[in-house]
Amino acid sequence: MDEETDLANFALDYATKKGVSYAEARYEHQEQENFILKNGVLDALYVGQDRGVGVRVLVNGALGFAATNMRTKSDVRAIVDDAIKVAKASRRKTKITFAQEDAIEMNWSIPEQRKLADVSVEEKIAEIQSVDRDLMALGLKIPARYFQFSDNRIVKYFANSEGSRIRSYSPRLRVFYFLTVAQDGQVEQTYRNYGWSGGWEGIAAWDLRKRVIDEARSMQRSLVEGKKSPEGKMDLVAGPQVAGIASHESCGHPTEADRVLGREASQAGKSFIPPDGIGMRVGSEVVNVVDDPTVEHTIAYYRTDDEGVKARRRYLYKEGRVTEFLQNRETAAAMHTRSNGAARAVNYNVEAIVRMANTFVEPKDHSVEELLEDVKFGVYMKSFMEWNIDDKRYNAKYAGREAYLVENGEVKHPVRNTIIELTTPSFWSAVDAVGKDLDFEAGFCGKSDPGQALDASLGGPTIRLRNVYLR
Amino acid sequence: MEDVSSRIVEKAISLGCQDAIADVITNRSYQIRFAQNEAVISNRWRESTASVFFVYDKRILASDIKDLSRVDEAVERLVKIAKGSQQNPDYAGIAKGPFRYARVRPDPKVLSLDDGGKYVEAAIGGATDQGAKECAGSFWKYEDEHFLATSNGVEAHDHRASLYLSIRALLSLESSGHGIACATKLSQFNPEKAGRKAGRIAALARSPKPGKAGRYTVVFDPLIFGSLMDQTGGRLGAWTVMAGLSPFGKKIGKRVASPQLTLYDDGSAESITRKRFDAEGVPTRRNVLVNKGVLKTYLHNTSTAKKFRTKTTGNAGLISPDPHAIFVKPGDRSRDEIFSEVKDGLWLTNTWYTRYQSYVTGDLSTIPRDGIFHIRKGEVVEAWKDIRLTDNLIHLLKNIVALGDEPEQMMWWGEVSIPNFVPYALIKDVGITTSAE
Chain A
2 MDEETDLANF ALDYATKKGV SYAEARYEHQ EQENFILKNG VLDALYVGQD RGVGVRVLVN
62 GALGFAATNM RTKSDVRAIV DDAIKVAKAS RRKTKITFAQ EDAIEMNWSI PEQRKLADVS
122 VEEKIAEIQS VDRDLMALGL KIPARYFQFS DNRIVKYFAN SEGSRIRSYS PRLRVFYFLT
182 VAQDGQVEQT YRNYGWSGGW EGIAAWDLRK RVIDEARSMQ RSLVEGKKSP EGKMDLVAGP
242 QVAGIASHES CGHPTEADRV LGREASQAGK SFIPPDGIGM RVGSEVVNVV DDPTVEHTIA
302 YYRTDDEGVK ARRRYLYKEG RVTEFLQNRE TAAAMHTRSN GAARAVNYNV EAIVRMANTF
362 VEPKDHSVEE LLEDVKFGVY MKSFMEWNID DKRYNAKYAG REAYLVENGE VKHPVRNTII
422 ELTTPSFWSA VDAVGKDLDF EAGFCGKSDP GQALDASLGG PTIRLRNVYL R
Chain B
10 MEDVSSRIVE KAISLGCQDA IADVITNRSY QIRFAQNEAV ISNRWRESTA SVFFVYDKRI
70 LASDIKDLSR VDEAVERLVK IAKGSQQNPD YAGIAKGPFR YARVRPDPKV LSLDDGGKYV
130 EAAIGGATDQ GAKECAGSFW KYEDEHFLAT SNGVEAHDHR ASLYLSIRAL LSLESSGHGI
190 ACATKLSQFN PEKAGRKAGR IAALARSPKP GKAGRYTVVF DPLIFGSLMD QTGGRLGAWT
250 VMAGLSPFGK KIGKRVASPQ LTLYDDGSAE SITRKRFDAE GVPTRRNVLV NKGVLKTYLH
310 NTSTAKKFRT KTTGNAGLIS PDPHAIFVKP GDRSRDEIFS EVKDGLWLTN TWYTRYQSYV
370 TGDLSTIPRD GIFHIRKGEV VEAWKDIRLT DNLIHLLKNI VALGDEPEQM MWWGEVSIPN
430 FVPYALIKDV GITTSAE
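Chains as they are written, first to last, in the working numbering: chain A, 2 to 472; chain B, 10 to 446.
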């Protein structure tokens, strides 16, 4: 028997003998390579292997969790004892229960055309360095820049006391870069973040070199030709990156059931959507926003969540109305429904909580040209830099990075620092048309305590908003 | 565990590395998360990790070795990878020890504490006594032990333990307050006080009205001023400056804040993250970062110090230097005196989601949360909601007009990432924006 099966089954047997009403063991082995190329210099290479077991138990209606990276049976026994002890000490008055789920036995893995493990660190560094060299060959004034490359090969074994036994393998690839371009005492800054589930072929699929060079050129153009963004009510054509961040922040987060129920109130906050808010109108009838872990090659792809529930597409907003909350088994029981497979943990050593995976505006059929052609006056914002949203997910701000004035359907000169500062219903109710150019970027989604910065992707096609206030 | 650290270093050197560091860390922390006035989960950890840093011919490799039963094999594998990496010409070595360290021991009563339930109940009780209906937060007993060895003569040990509680109290979705309790001694841990503060702010924030955009004189409660100082300290690391992530580049010796502000970093001082040494083994110490508004230094490790032609400040992380704990020199005003100076302004108690349009210029916005109050002639006249602080970091620092005389230790999820010892602060001409209709 392999180590993961042996330790996980041992944990479950021991917990069951101790009389818990539910137990699960998650064994994870993560192998990571990560480096930063800062101003052309390889800062440091990080290579890590993390392997351990987390055990969660339900005892007398209270949850206890404990984890260890010391992979002996005595250490696993100790964490089971820890989890039971801290759960019993919880002294809850109301009992936590889990929504019913069928036990699953399954093996799944994400295919790699070229395995990440077969690509040397030298080749990975050389690839990013060549992008950096081509960037600098543009001859722009770039006083600061860095690229962060990371890959992570994640093997998981999940077992619970209800009979689920799931083994999975997820290889993931990510490149984050940050650029500063200067011209005549002015600076423009940007960051972009690309993710992939699969093998080394992800690098080619991104077309990273072209994206970085296009971005740098657009920054330079903003500095040279950019004018003050117009202020007032006008139309806004928002590119996939903007549609993606808005989907994540004002559709995904407010429909997380744990947030709706107050479990995250002290940290990531609550939601403007109440627990009985299914059916509430938030946007226009053309707005469908989904969260879908099953979109192939997105960085948050999975087939089963970290509670052993099968993944599926979730319609968060459909035809502008709240349709479904993201649920794990705990929140689903509290809301008298079923889990929709949204439980995820960043590693074995933290509990799985409700998380988004790949959140995006569902594409329709307009081309970008069609979206622009009947805009009399407005802004085409392709990307953003600064953004934030309040903790009830109602007041959001997105500040433009690459944006252009649009007059009579024509894209004119760049405009700098366009500000969208709107409520969630104001933003989504103004959408009158949705494009077909679906694109994703990666993000780190922060939530929980201890903080779990989790792989997520966000995206959408270009969307058009009518008559919104910009400045 | 000392043996493991030394063995890792010796093995790396025997394989040809010029520099090696190993910090074996054991984590025995314990946490209770609570929401809706009850525990939602309790967590406990038993982890041992060796954070290592190897340098082979200026090729730098960092890693965490998780399987301490097979360190020789791990070191061999890592050094082989390091040999295939690339040189970092900016690398300038690690600090030369041995060093002498302050004698610090954790409170035995904190170490022996194994049930935090009564502290959670005390905090919730404090909040509900003030009228709060719903409380959520976290209780933490942090405990970790470090066994550090370096190839430059350092062998050091640090046992750290502390208590922390964060509570958010709510009357409704839009009426809330936040309180923090931090202590290294059990006798000083006062979660009930944190709960009372959270509950009091929540009660005061009842029925908030939409805020109005404009420029205001603002009283910053310690928690939100801690967020502002956390941003400041975090942007003063030399690596951050070099990466284009700071508005403090090329500003050493220049005015970056009001003369009211003197700011220092001090990992050696009493705080819930007090540490005896940095990642290179250099003893932590007080470093004045801003003196009466003038920027004095960035935070350095050995390599960044050489690049900036100065000495390490004892702030090394394995890759980049970072602050340990930020201290604001207290001012001379009582809390009441600070409020009394506001004829028509705001009192902000907390914030989150601070983001920059340009790190180099410091243009940012952040979203106040929990109690937001309009004050006139020093008195709260109404609670507000739905505003955003939209300004510039340097502009905010330069507009500090008064500081309170009682600093409090603040640390909070996300926004105040390390302990910040901060008083009430009064800042003029602060930009406030709101969502458009």
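Note that these hints are calculated values from the structure, not bench results. As the structure is a prediction and not an experimental result, all values here were calculated from the model. Be careful, since some hints might not be right.
Lysine-lysine pairs mimicking PhoX-like chemistry, simulated, CA-CA at most 20 Å apart [to be verified]:
#, chain 1, residue 1, chain 2, residue 2
1, B, Lys-142, A, Lys-94
2, B, Lys-437, B, Lys-407
3, A, Lys-18, A, Lys-94
4, A, Lys-228, A, Lys-377
5, B, Lys-259, B, Lys-315
6, B, Lys-259, A, Lys-142
7, B, Lys-105, B, Lys-127
8, B, Lys-260, A, Lys-86
9, B, Lys-260, B, Lys-127
10, B, Lys-301, B, Lys-260
11, A, Lys-89, B, Lys-315
12, A, Lys-94, B, Lys-127
13, B, Lys-338, B, Lys-263
14, B, Lys-259, B, Lys-352
15, B, Lys-305, B, Lys-259
These are the hints, each one checked on the structure:
1. With a C-alpha separation of about 16 Å, the suggested pairing of B/Lys-142 with A/Lys-94 holds against the 20 Å cut-off.
2. At roughly 9 Å between alpha-carbon atoms, B/Lys-437 and B/Lys-407 fall within 20 Å of each other, so this suggested pair holds.
3. Straight-line distance between C-alpha atoms of A/Lys-18 and A/Lys-94 comes to about 25 Å, which puts the hinted pair past the 20 Å bound.
4. At most 20 Å may separate the alpha-carbon atoms for a hinted pair to count; A/Lys-228 and A/Lys-377 meet this at roughly 18 Å.
5. Pair hint B/Lys-259 plus B/Lys-315 holds up; C-alpha atoms about 16 Å apart against a cutoff of 20 Å.
6. The straight-line distance between the Cα atoms of B/Lys-259 and A/Lys-142 is roughly 17 Å, inside the 20 Å bound, and the hint therefore holds.
7. Our distance criterion of 20 Å between C-alpha atoms is broken by B/Lys-105 and B/Lys-127, whose separation comes to about 46 Å.
8. Restraint check for B/Lys-260 and A/Lys-86: the C-alpha separation of about 54 Å exceeds 20 Å, so the hint is violated.
9. For the proposed pair B/Lys-260 and B/Lys-127, the alpha carbon gap of about 49 Å is over 20 Å, so the pair is violated.
10. For the hint pairing B/Lys-301 with B/Lys-260, the CA-to-CA distance comes to about 14 Å; that is within 20 Å, so the pair holds.
11. As the CA atoms of A/Lys-89 and B/Lys-315 are separated by approximately 54 Å, the hinted pair breaks the 20 Å bound.
12. Straight-line distance between C-alpha atoms of A/Lys-94 and B/Lys-127 comes to about 15 Å, which keeps the hinted pair within the 20 Å bound.
13. Taken as a hint, the B/Lys-338 and B/Lys-263 pair is honoured in the structure, with Cα atoms around 19 Å apart against an allowance of 20 Å.
14. For the suggested pair B/Lys-259 and B/Lys-352, the alpha carbons sit about 37 Å apart, so the restraint of at most 20 Å is broken.
15. Pair hint B/Lys-305 plus B/Lys-259 holds up; C-alpha atoms about 11 Å apart against a cutoff of 20 Å.
The structure does not agree with the numbered hints 3, 7, 8, 9, 11 and 14 stated previously, though it agrees with the rest.
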